[in-house]
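Engineer: Letter by letter, the chains look like this.
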Amino acid sequence: MSEPQQNISQHEASDALKSVNSSQQDVIINNQAPIIINLLAGSGYASIVFGYGMTEHGNLWALAMWVGAVVFILSISFLFYTYRLMGIKPTILPRSSATLKLQMITGILFALLVVGSREFRLMGFQYAPHLFSVTCGLLIFIISRKYPTGEFVSKMTLSSPKASSHE
Amino acid sequence: MSSLDPVIHAPNRLKICAMLSTSAELEFKLIKEQLDVSDSVLSKHLKALEVSTYIRLQKRTEFGRQKTWISLTSNGREAFKKHVNALKRIVGIKL
Chain Z
1 MSEPQQNISQ HEASDALKSV NSSQQDVIIN NQAPIIINLL AGSGYASIVF GYGMTEHGNL
61 WALAMWVGAV VFILSISFLF YTYRLMGIKP TILPRSSATL KLQMITGILF ALLVVGSREF
121 RLMGFQYAPH LFSVTCGLLI FIISRKYPTG EFVSKMTLSS PKASSHE
Chain R
1 MSSLDPVIHA PNRLKICAML STSAELEFKL IKEQLDVSDS VLSKHLKALE VSTYIRLQKR
61 TEFGRQKTWI SLTSNGREAF KKHVNALKRI VGIKL
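Protein chains in written order, with the numbering used here: chain Z, 1 to 167; chain R, 1 to 95.
Keep in mind that the hints were calculated from the coordinates and are not lab data. Keep in mind that a hint or two might mislead.
To be verified - Calculated pairs, DSSO-like style, for lysine-lysine (alpha carbon to alpha carbon, straight line, at most 30 Å):
#1 Z:K155 <-> Z:K89
#2 R:K44 <-> R:K29
#3 R:K94 <-> Z:K101
#4 Z:K146 <-> R:K32
#5 R:K32 <-> Z:K18
#6 R:K88 <-> Z:K18
#7 R:K82 <-> Z:K146
#8 Z:K89 <-> R:K82
#9 Z:K89 <-> R:K59
#10 Z:K18 <-> R:K94
#11 Z:K101 <-> R:K44
#12 Z:K101 <-> R:K82
#13 R:K81 <-> Z:K18
#14 R:K67 <-> Z:K89
#15 R:K81 <-> Z:K155
#16 R:K47 <-> R:K32
#17 R:K44 <-> Z:K18
#18 R:K29 <-> Z:K155
#19 R:K94 <-> Z:K146
#20 Z:K18 <-> R:K29
#21 R:K44 <-> Z:K89
#22 R:K82 <-> Z:K18
#23 R:K81 <-> R:K44
#24 Z:K89 <-> R:K29
A quick note: this is a predicted structure, and the numbers were derived from the prediction, not measured.
Let the hints inform the model, and build the full structure from the sequences given.
Structural biologist: Dropping the structure here:
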């Protein structure tokens, strides 16, 4: 094994970072599941939120909630299965602090939206379930498309160094 | 100040670590296709990373076919993070 190359130029370091970025993006962009599965997952979750927000003793919206739950679980299972066939095992438990942060924020946000869809309707804002369910559905769709592997991967913006000075 | 890791610094090994950092596990075939290298070249790079305990290789039989799944170990994840941070420092990106 060669000695550590501590004296690489800014240009080489920039190229290395660009290759890291493109390798990460390639895994995510070139290996997307069919968009219909993401749409189904989003719709399923939206149905859960809407059903929960609209449920009363005398109506059937609880059924929409259960149908939504089945659609959501099936589509997420199918999403994982598709990725496995493509050679990717998505992350479930967070492995980096950025992923942990993303999962915590989305978890809290989804919990608030689910509870809010019902509570706001009971307070008199009749369209809360409609609004919150669409928001949840869109969030599920965007997150499952943007972070399909379950890991938070940020896109680095690197400008070319002005001079390839050696450190 | 953390320094560049000689094991990870090789271009293909850096790409392998970058790809592995995006998921829990990746299959050998997928990495091979992304890197556009032969089986033997990829195996050589994976061996170097495995010897340094940066990755874990697991052979599993799925649908009657043996597949090799590769994942970054916690050591590997940490080493990759330090390496990327060292590169960022050289470029002048604030951490």
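Engineer: Can you confirm whether the C-alpha distance between K89 of chain Z and K82 of chain R stays at or below 30 Å?
Structural biologist: Since the Cα atoms of K89 of chain Z and K82 of chain R sit roughly 24 Å apart, the hinted pair holds (cutoff 30 Å).
Engineer: Is the straight-line distance between the alpha-carbon of K29 of chain R and that of K155 of chain Z 30 Å or less?
Structural biologist: Holds - the C-alpha atoms of K155 of chain Z and K29 of chain R are around 25 Å apart, at most 30 Å.
Engineer: With the threshold set at 30 Å, check whether the alpha-carbon distance from K88 of chain R to K18 of chain Z stays at or below it.
Structural biologist: Holds, at roughly 11 Å.
Engineer: Taken at face value, is the distance from the CA of K44 of chain R to the CA of K101 of chain Z at most 30 Å?
Structural biologist: 36 Å, violated
Engineer: Next pair to validate is K44 of chain R with K89 of chain Z; report whether the Cα-Cα distance is within 30 Å.
Structural biologist: 23 Å, holds
Engineer: Is K18 of chain Z close enough to K94 of chain R, meaning Cα to Cα at most 30 Å?
Structural biologist: Holds. K18 of chain Z to K94 of chain R sits at ~16 Å (cutoff 30 Å).
Engineer: Below or equal to 30 Å on CA atoms is what counts here, so check K155 of chain Z against K89 of chain Z.
Structural biologist: 21 Å, holds
Engineer: Hint check: K101 of chain Z vs K82 of chain R, CA-CA at most 30 Å. Holds or violated?
Structural biologist: Holds. K101 of chain Z to K82 of chain R sits at ~20 Å (cutoff 30 Å).
Engineer: Check whether the Cα positions of K81 of chain R and K44 of chain R lie no farther apart than 30 Å.
Structural biologist: 22 Å, holds
Engineer: Take the C-alpha atoms of K82 of chain R and K146 of chain Z, compute the straight-line distance between them, and say whether it is at most 30 Å.
Structural biologist: It holds: about 25 Å lies between the C-alpha atoms, which stays within 30 Å.
Engineer: Would the pair K82 of chain R and K18 of chain Z pass a check requiring their Cα atoms to be no farther apart than 30 Å?
Structural biologist: 16 Å, holds
Engineer: Could you grab the alpha-carbon distance between K146 of chain Z and K32 of chain R and see if it respects the 30 Å cut-off?
Structural biologist: Satisfied, since the Cα-Cα distance of roughly 23 Å is no more than 30 Å.
In terms of the numbered hints stated before, the structure departs from hint 11 and from no other.
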